[in-house]
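Okay, here's what each chain looks like letter by letter:
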Amino acid sequence: MRYLPALTVLAIAGLLTWFVISTSGPETKFPIKLGLDLAGGTELIYKADTSNIVSDKQGALNSLRDVIENRVNLFGVAEPRVELEQSSAVAGEVEDRLLLELPGVTDTQAAIAAIGETPVLEFKLASFGAAPVTTGTTTSINLEQVYTDTGLTGRYLKSSELQFGPASAGGVANQPIIVLNFNEEGAALFEKITTENVGKPLAILLDGEVISSPTIQEPITGGVATITGQFTPTEARDLVRNLNFGALPVPIELAGSNTVGPTLGIDAYEAGLLATVIGFALVALFMVLWYRLPGLVAVIALVIYMLITIALIKVVPITLTASGIAALILSIGMAVDANVLIFERMKEELRLGKAPRDAVHIGFGRAWPAIRDGHLTMLISSGILFWMGTSIVQGFALVFGLGVIASLITAVMITRVFLVAILPEEASPLWRTLLGTGFGHKPKNT
Amino acid sequence: MFVVRHRTFFFWVTGLLLVASVAALILIPPRLSIEFTGGTLVEVAYTGERPPHEELVARVDALDLGEPSVRETGSQGVTVRSHTLSPEEHTALLGALSNGGADPLTELRFNSIGPSLGRELTTKALYAIGAVFLAIMLYIAFAFRKVSRPVPAWGYGVTSVAMLAIDIIVPAGFFAVYAYFTGAQVDTLFVIALLALMGYCINDVIVIFDRVREHLKANEERNIKESFEETVGKSITETLGRSINTSLTVALALLAIILVGSESTRVFALVMLVGVIVGTLSSIVRSAPLLIPIAAWAQKREAAKKQ
Numbered sequence: 003m004r005y006l007p008a009l010t011v012l013a014i015a016g017l018l019t020w021f022v023i024s025t026s027g028p029e030t031k032f033p034i035k036l037g038l039d040l041a042g043g044t045e046l047i048y049k050a051d052t053s054n055i056v057s058d059k060q061g062a063l064n065s066l067r068d069v070i071e072n073r074v075n076l077f078g079v080a081e082p083r084v085e086l087e088q089s090s091a092v093a094g095e096v097e098d099r100l101l102l103e104l105p106g107v108t109d110t111q112a113a114i115a116a117i118g119e120t121p122v123l124e125f126k127l128a129s130f131g132a133a134p135v136t137t138g139t140t141t142s143i144n145l146e147q148v149y150t151d152t153g154l155t156g157r158y159l160k161s162s163e164l165q166f167g168p169a170s171a172g173g174v175a176n177q178p179i180i181v182l183n184f185n186e187e188g189a190a191l192f193e194k195i196t197t198e199n200v201g202k203p204l205a206i207l208l209d210g211e212v213i214s215s216p217t218i219q220e221p222i223t224g225g226v227a228t229i230t231g232q233f234t235p236t237e238a239r240d241l242v243r244n245l246n247f248g249a250l251p252v253p254i255e256l257a258g259s260n261t262v263g264p265t266l267g268i269d270a271y272e273a274g275l276l277a278t279v280i281g282f283a284l285v286a287l288f289m290v291l292w293y294r295l296p297g298l299v300a301v302i303a304l305v306i307y308m309l310i311t312i313a314l315i316k317v318v319p320i321t322l323t324a325s326g327i328a329a330l331i332l333s334i335g336m337a338v339d340a341n342v343l344i345f346e347r348m349k350e351e352l353r354l355g356k357a358p359r360d361a362v363h364i365g366f367g368r369a370w371p372a373i374r375d376g377h378l379t380m381l382i383s384s385g386i387l388f389w390m391g392t393s394i395v396q397g398f399a400l401v402f403g404l405g406v407i408a409s410l411i412t413a414v415m416i417t418r419v420f421l422v423a424i425l426p427e428e429a430s431p432l433w434r435t436l437l438g439t440g441f442g443h444k445p446k447n448t
Numbered sequence: 002m003f004v005v006r007h008r009t010f011f012f013w014v015t016g017l018l019l020v021a022s023v024a025a026l027i028l029i030p031p032r033l034s035i036e037f038t039g040g041t042l043v044e045v046a047y048t049g050e051r052p053p054h055e056e057l058v059a060r061v062d063a064l065d066l067g068e069p070s071v072r073e074t075g076s077q078g079v080t081v082r083s084h085t086l087s088p089e090e091h092t093a094l095l096g097a098l099s100n101g102g103a104d105p106l107t108e109l110r111f112n113s114i115g116p117s118l119g120r121e122l123t124t125k126a127l128y129a130i131g132a133v134f135l136a137i138m139l140y141i142a143f144a145f146r147k148v149s150r151p152v153p154a155w156g157y158g159v160t161s162v163a164m165l166a167i168d169i170i171v172p173a174g175f176f177a178v179y180a181y182f183t184g185a186q187v188d189t190l191f192v193i194a195l196l197a198l199m200g201y202c203i204n205d206v207i208v209i210f211d212r213v214r215e216h217l218k219a220n221e222e223r224n225i226k227e228s229f230e231e232t233v234g235k236s237i238t239e240t241l242g243r244s245i246n247t248s249l250t251v252a253l254a255l256l257a258i259i260l261v262g263s264e265s266t267r268v269f270a271l272v273m274l275v276g277v278i279v280g281t282l283s284s285i286v287r288s289a290p291l292l293i294p295i296a297a298w299a300q301k302r303e304a305a306k307k308q
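Residue numbers (the working numbering), protein chains in the order written: chain A, 3 to 448; chain B, 2 to 308.
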């Protein structure tokens with residue numbers, strides 16, 4: 003039954019159409035994800051300075067990502083993307099980067115301010131150039147202080163909380179106290195530092211500024227430290243929030259940013275859609291006019307090709323960018339290539355007097371090696387493009403690569419199946435006209 | 002076959018095209034965009050009347066932003082390129098463009114790239130082009146490994162790569178001339194266009210080589226004696242229809258992007274269009290004729306070995 007495969011393909015095409023249409027509404031599980039250049043938004047690229055991290059760099063970077071993610075969520079962005087990235091091996095210098103995508107955010111500076119402010123919490127031992135001088139009731143500290151790194155930083159902080167001290171604690175009643183809870187590693191480090199430096203001041207620095215410099219009274223075990231500086235309750239509350247959400251384990255520096263306003267994005271998207279429709283129409287028109295009946299079959303295959311590509315973009319999902327749309331249009335032009343190859347071969351067989359259906363089989367067989375080699379080299383270049391990185395290039399490479407695969411499937415499986423189903427065993431003059439090529443009324447090659 | 006008979010002529014025509022393109026690239030090299038050099042691009046659109054060019058340049062120059070370039074885009078837009086701006090400089094620039102709010106505007110795009118990101122992209126782009134060259138050469142040599150007479154398999158690989166070099170140098174030369182008049186810059190999409198062209202143009206070459214491969218095999222099986230030149234000429238004639246028609250459909254698709262597509266992809270499509278046309282022509286008139294000298298050389302060597 004030679005119609006069976008063709009009917010199966012039609013049924014699958016019907017299912018695909020149903021899927022694409024039913025998921026095109028606003029409330030769907032499979033929307034087409036638009037890239038920042040089409041939807042509008044901000045992309046920020048930070049360079050993470052990991053030069054001071056001796057051990058467990060990855061752990062520090064992971065917690066950096068978590069902290070930034072918290073801040074982004076506080077900022078209120080829908081579907082943000084926060085990713086760690088390392089500069090490519092070919093770049094010479096290895097850099098750790100943090101990539102942020104904030105759809106819908108178009109105020110670059112507000113975003114940078116809210117996310118990029120980098121409170122870095124450090125604990126340093128303060129030693130003085132000279133001994134403290136006591137005059138009367140006040141003790142003046144020599145201003146030339148030397149701070150030595152203890153290795154204890156915000157990356158060992160598990161959480162912090164705000165408490166108010168009782169009157170009996172030695173301070174003023176209701177004085178704000180900031181309680182720092184270290185993680186296991188931090189607790190061990192803290193214990194070691196406090197054991198070795200009893201009697202010395204331990205400065206707590208936020209962004210390089212000393213916010214408190216309590217003197218170590220005794221070794222502290224258990225990983226809990228308290229800061230009782232001269233805070234107003236509001237200051238203390240802000241600090242706790244910043245410590246919880248913002249004490250960055252690794253200092254970061256803005257290396258690049260890209261903001262696209264919403265109007266520019268919508269314009270680019272609509273222009274891209276229009277170009278897709280027009281590109282498709284032009285290619286389809288040419289195919290039908292030149293290749294006639296097989297051309298029409300190729301156009302049907304092209305429609306199914308588009309359905310497959312769109313469904314894949316939705317399901318995978320692939321973020322569509324302006325360059326991705328260009329890749330889609332380009333691949334429409336290229337997807338017919340396999341068909342053209344097959345039709346030209348088929349034509350040659352018909353000219354040799356073969357029956358139409360045999361011509362289809364032989365034509366496909368003859369065209370296959372060239373189709374295979376051509377598609378594989380295109381896949382190679384899209385793979386290399388993908389490796390090149392950056393969202394523009396990857397947006398192109400993914401859609402292009404996908405298009406190449408979909409083209410291979412449609413040309414080989416769909417066009418052939420349809421042609422075998424339609425074509426008769428023997429060719430009448432009418433069939434010869436339908437299978438001929440050229441714009442004229444009479445077939446050119448009979 | 003016409004092309005084979007007149008191959009010296011076509012050698013010179015494409016050779017001349019190549020020389021002209023290389024000359025254009027050397028004499029009027031297109032500027033690299035900030036994606037490669039690092040820097041900041043700010044695009045704004047005035048809601049009211051756009052101030053005249055001289056005034057905008059004067060306002061921006063007053064800020065000392067390191068040789069900024071000011072260009073009008075569309076009827077309402079202005080694009081400023083400068084060194085990487087700090088947030089303060091960014092605010093100052095927007096203030097200057099709007100003259101402190103007197104000329105109302107909206108910021109359409111703000112793109113800032115640090116120097117290290119730019120350097121990395123440049124290196125990656127060069128590596129990518131090299132990698133595509135190498136991968137395609139190896140793949141072709143592999144795909145044609147069984148056809149070793151009279152052209153050795155690597156001969157197909159080398160020829161394809163020579164073709165690819167032409168296929169990207171000529172569009173690049175065209176772009177240099179285009180950029181000279183329009184001020185366009187080499188950006189990521191330009192590099193994508195070159196890489197996609199390499200992936201596409203190799204198709205034309207493959208289709209012709211595939212025919213040559215098929216004919217050689219058939220000749221051997223049926224014991225037909227045919228000169229290699231004849232085989233090549235026949236293969237080119239037979240694939241002519243396909244080569245032209247495929248390029249036409251791709252060109253139609255690209256035309257759609259050029260006519261109605263988004264601004265950012267227009268230059269990409271233009272470069273690709275030139276590449277597709279040049280690529281098709283060069284594969285028809287050059288790829289197979291390039292094989293003939295290699296065949297002659299290989300046969301001479303084989304003959305020398307036998308003695």
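Hints listed in this document are in silico derivations from the structure and should not be mistaken for laboratory results.
Certain hints may be false.
What follows is a set of in silico ranges between Cβ atoms, one per label pair, in the way DEER data are often shown [to be verified]: (1) Thr9(B) to Leu432(A): 45 to 51 Å; (2) Thr48(B) to Phe166(A): 24 to 30 Å; (3) Arg374(A) to Arg223(B): 21 to 27 Å; (4) Gly101(B) to Lys202(A): 35 to 41 Å; (5) Lys226(B) to Gly16(A): 51 to 57 Å.
Taking lysine-lysine and the PhoX-like style, the derived pairs with C-alpha atoms no more than 25 Å apart in a straight line are [unchecked claim]: (6) Lys235(B) to Lys307(B); (7) Lys235(B) to Lys306(B); (8) Lys59(A) to Lys202(A); (9) Lys235(B) to Lys356(A); (10) Lys218(B) to Lys356(A); (11) Lys31(A) to Lys160(A).
In silico negatives: residues of chain A with every beta carbon more than 12 Å from chain B [claimed, not checked]: (12) Val22; (13) Asn72; (14) Pro105; (15) Ile114; (16) Thr230.
All C-beta atoms in this analysis are idealised placements derived from N, C-alpha and C, irrespective of residue type, glycine included.
Hints versus structure:
1. Thr9(B) to Leu432(A): 45 to 51 Å: At roughly 47 Å between Cβ atoms, Leu432(A) and Thr9(B) fall inside 45 to 51 Å, so the hint holds.
2. Thr48(B) to Phe166(A): 24 to 30 Å: 52 Å, violated
3. Arg374(A) to Arg223(B): 21 to 27 Å: 25 Å, holds
4. Gly101(B) to Lys202(A): 35 to 41 Å: 54 Å, violated
5. Lys226(B) to Gly16(A): 51 to 57 Å: The hinted range 51 to 57 Å holds for Lys226(B) and Gly16(A), with Cβ atoms some 55 Å apart.
6. Lys235(B) to Lys307(B): Not OK: Lys235(B) and Lys307(B) at ~30 Å, beyond 25 Å, violated.
7. Lys235(B) to Lys306(B): 30 Å, violated
8. Lys59(A) to Lys202(A): 30 Å, violated
9. Lys235(B) to Lys356(A): 21 Å, holds
10. Lys218(B) to Lys356(A): Cα-Cα ~22 Å, so holds.
11. Lys31(A) to Lys160(A): 36 Å, violated
12. Val22: Given that every Cβ of chain B is farther than 12 Å from that of Val22(A), nearest at about 21 Å, it holds.
13. Asn72: Label holds. Min Cβ-Cβ 23 Å, cutoff 12 Å.
14. Pro105: Holds: least Cβ distance 15 Å, greater than 12 Å.
15. Ile114: Nearest chain B Cβ is 7 Å from Ile114(A), so the label is violated.
16. Thr230: 35 Å, holds
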